[in-house]
Amino acid sequence: MMTPETPLQTEETFAETERLESTSERMPAAPGPLESAPADAVFARAVLTSPLHLEVAAESRTNRWTEWNGYTVPQVLSNADEEYRALRGAAVMMDISPLRKYRIAGRDALRYLDRLVAGGMKPLGVDRARHVIFCESAGMVLGDGLLFCVGDDEYRLVTEEAHLAWLMDSAEGFRMRVEDVSTALAGLAVQGPLSAVALTQAGAAGIEALAPGEAANMSLAGIPVYVSRTGATGDLGYELWCDAEDAPHLWRVLLDAAAPSGLRPAGFALRELARLEAGHPRAGQDYLSAFAAIDGRDALPPAAIWPELEISSVRSLFNGGAALRAIRNVPPSRRIVRLAVEGFEPMCFSAVLSDGKIVGAATSTGFSPALGANIALAIVEAEAVAAGGLSVVAERWEGLSVVELPASVRVLAAPAFSHPRRVQHPAPLQP
Amino acid sequence: MLRVGNTFDAIVIGAGHNGLAAAARLAQQGRKVLVLEALEMPGGAAATSQIVPGYAAPAVAHLVEGLPRRIERGLKLGKHGLHYAARDVPTVALDRDGNHVLLPNNRKQFVAFSSRLPKDADAYRDYVALLRAQAALIEPLLGEAPPEMNDPVAMRRFFRRLVWRGELSGRAALKSLTQTLPESIGDRLDAEFTSPLLKGALAFDAIQGGAEGPYAPGTAFRAVWREAIRMQGRGLRQISGGTGALADALVAAIASQGGDIRFGTRVVRILVEGNEAAGVELADGTVLRAPLVISGINPRVTMLGLLGADRLETQAAMELHHAKPKGTLAKLNLALETAPHFTGLAPELQGARLLIAPSLREVDEAAMVCREGGFVSEPMMELHVPSVADPSLAPEGQHVLSVIVHHVPFDVDGGWEARREVFVQKVVRTIGTYAPGIADAMIAGEILTPPDIERKYGLAGGDWHQGDLRLDRLLGFRPSPAFGRYETPVKGLYLCGAGSHPGGGVTCLPGWLAAGKAGEGE
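So the sequences go chain by chain: A and B.
The opening residue of the first sequence carries number 1 in this note's numbering; numbering runs sequentially from there.
The opening residue of the second sequence carries number 1 in this note's numbering; numbering runs sequentially from there.
None of these hints come from the bench; they were simulated from the model.
Cβ coordinates follow ideal geometry from the N, Cα and C atoms, glycine included.
Only true hints are included.
If we take Cβ atoms under 7 Å as the criterion, some of the chain A residues that face chain B in the derived model are:
id, residue
1, S170
2, G173
3, L317
4, N319
Please put together the full structure from these sequences, using the hints given.
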């Protein structure tokens with residue numbers, strides 16, 4: 001037939017094998033063939049443990065655990081307040097292995113990403129990272145993540161939720177491969193004002209030279225580690241990526257070497273609070289992937305989540321581009337906003353009200369010590385945000401009794417916590 | 001690479017009848033049009049081929065039934081050499097014992113039909129009346145571009161018109177149409193008729209060589225769709241000089257408007273600049289430029305092969321990725337020394353369309369065996385002796401027989417190389433049971449399996465219809481939602497083949513409508 005059909009076919013078979021490989025990789029604990037498993041096992045959520053599980057478990061003083069992406073992770077290791085003080089005053093170390101990691105490599109990788117990423121790909125230097133988002137054909141957000149260029153024609157995409165099917169569907173017609181390297185690659189975040197100091201003490205000489213969003217291959221106690229100056233805490237911070245087998249050793253080396261600088265391990269609750277203070281929405285929590293949004297209203301265009309991004313004016317071909325250009329002048333009906341609720345004690349609330357009517361929902365809430373107030377990320381009707389006068393009804397628990405407290409809410413223009421140290425270059429080696 | 005003379009207003013890929021119709025309409029609007037055809041002759045599936053010198057047969061499609069008069073007139077095809085050798089070609093369901101059934105078209109024929117099948121006569125009259133009433137509801141949709149699905153105003157207008165038509169024709173038709181939509185033709189025929197032969201013939205006509213069997217849901221609606229396609233034209237007709245004469249007339253129409261056609265010119269790539277069609281690249285590396293590129297070839301090959309999945313958004317590419325072309329029709333053209341003699345067939349019906357589909361059960365079995373990669377020993381087929389009405393196709397006193405065999409797999413178990421001979425023998429032996437002595441009268445023959453049709457006439461996957469006429473692949477869903485209105489996500493690139501609304505058949509409608517869309521899109 002048509003000659004161009006031929007490469008298409010090879011691409012197809014290639015994608016087919018790929019799919020098989022990666023499924024087996026994603027479900028390492030599948031007990032034998034599917035037929036022998038009980039009927040509901042197919043849909044049961046996998047119970048996964050991170051490669052750092054034993055090390056992290058050894059640090060747990062509270063036995064409070066939670067679930068993140070199917071992985072068992074600690075909620076709090078020692079004490080929430082102490083962990084927070086370490087984050088903002090010294091440095092903390094967190095296991096971020098449950099994040100999804102995809103390797104995208106091949107000679108068409110950049111062209112592939114240019115079509116995949118909303119707004120197209122501006123050139124990304126080797127050992128640089130950038131926040132990217134991707135949309136489906138109606139211009140609704142599927143997910144966001146951190147894209148690293150780890151070499152010539154080789155990229156690594158780190159996301160909150162699983163996107164392998166979409167990444168592989170999008171690969172047709174490109175000469176490149178997509179691999180799920182989530183289980184092969186462990187992640188370890190070292191965040192806080194003294195994180196550069198802590199890493200220097202652990203042997204990462206010259207770490208302060210890394211600019212924000214920059215990464216480098218280093219060797220820590222003989223372990224090859226890819227260190228990037230990234231993180232979502234609004235402060236100086238690094239993320240360390242290494243082979244899953246080396247991760248426990250790296251954890252111990254860091255804890256032992258950097259303890260003098262105040263480095264201490266922390267749980268998932270702190271990661272969530274830091275993210276909330278820094279004002280970063282999380283996929284699956286603050287917004288839903290368009291494919292997961294059962295109610296069409298829950299699928300959001302990029303402008304509803306990251307209004308600062310200029311995507312719809314880009315004219316090149318990318319997924320969702322045509323749809324976004326078509327709705328360019330239509331402001332989103334709902335948007336994600338950062339809220340602060342007056343009051344000095346932690347409170348629970350979810351409905352966001354305007355004139356007694358529910359106009360939105362708080363999707364992440366927490367008490368921000370930095371701001372001295374309860375803060376939230378909430379999805380609220382855009383008209384109500386513009387009109388102002390939002391309020392919530394907070395619940396405060398005292399023993400076994402609950403009080404309802406109406407409280408006014410203000411919309412924060414800036415994140416609750418954002419320190420200039422975040423972008424300071426070179427990174428400070430003094431507190 | 002840009003040279004003088006390599007720039008056009010519109011480039012049409014593929015000189016099938018739809019591509020030619022699109023080119024002719026655009027040329028008529030005063031555009032400088034170029035048609036590029038990979039083969040050495042025009043027509044695609046609507047071509048005339050020479051079996052051996054002196055014997056010509058319609059290469060693939062052998063009769064036309066949905067070619068609208070407005071296209072014929074609009075392109076002045078009569079002036080350019082389109083003539084009919086026969087009009088209102090009757091359809092006969094062949095019976096093994098010679099008690100054939102002529103599907104009646106008028107009162108006189110119906111009387112004969114009633115005496116042949118007294119039990120089914122009334123049911124048949126009701127069946128045809130209902131079919132026509134249902135087809136009349138959707139018929140206007142086939143002659144125009146499908147509505148924009150994302151445009152609520154257009155959709156509302158579309159449904160309002162449909163409902164109004166339903167109200168006007170009495171609600172019964174609309175109600176029965178909604179009942180028909182998911183029904184299978186097999187169930188419907190079983191409920192209404194007793195004669196296996198009649199059921200076989202009606203099921204055969206409804207399936208139209210699709211991959212599904214007569215008991216597949218949605219096949220009853222196909223009979224309605226086919227009836228609506230028939231209503232576009234003026235009855236079943238035979239083109240004089242073979243179906244290829246239509247292509248020749250279209251070529252002449254293009255030439256008279258100053259359009260150009262290049263044969264033996266294969267397009268390997270559609271060029272895009274800033275997400276707008278810019279032209280095409282040929283196999284020899286030549287670049288031809290045009291702001292309008294219209295493809296009459298298979299939508300999947302056009303978009304994923306010539307354009308590239310990387311030039312589309314992921315979901316649009318995936319929609320076509322799933323629609324793999326797989327034809328299920330084979331063609332056999334035979335040169336005969338003498339007139340074929342079908343036992344019990346009246347002499348005036350020698351030029352009729354003859355169906356070999358003895359029973360519904362056998363049609364179903366043939367479809368099932370085909371799905372498993374085989375063919376039955378007595379295949380279902382449609383025969384036509386074009387030389388009865390058009391003696392120019394064969395030397396005097398001699399004939400050609402054109403046979404369309406249904407339910408033939410693209411990938412046959414054991415490979416076509418090994419099974420081809422067996423297949424031909426089975427087909428010829430089956431014809432022999434109806435027309436004894438046909439094997440002895442054979443001088444030469446040409447067999448086209450689905451892979452042969454792909455190779456020789458350029459139909460991807462040997463698929464005549466460029467995708468089954470399935471309920472979920474009609475109107476704005478043909479070939480898939482992102483490409484449903486001839487337009488593609490690439491500005492200036494259009495689809496105009498049978499893969500687009502209203503689908504297969506020698507109707508020229510997809511080409512005509514696509515050219516209309518492309519013309520107004522500028």
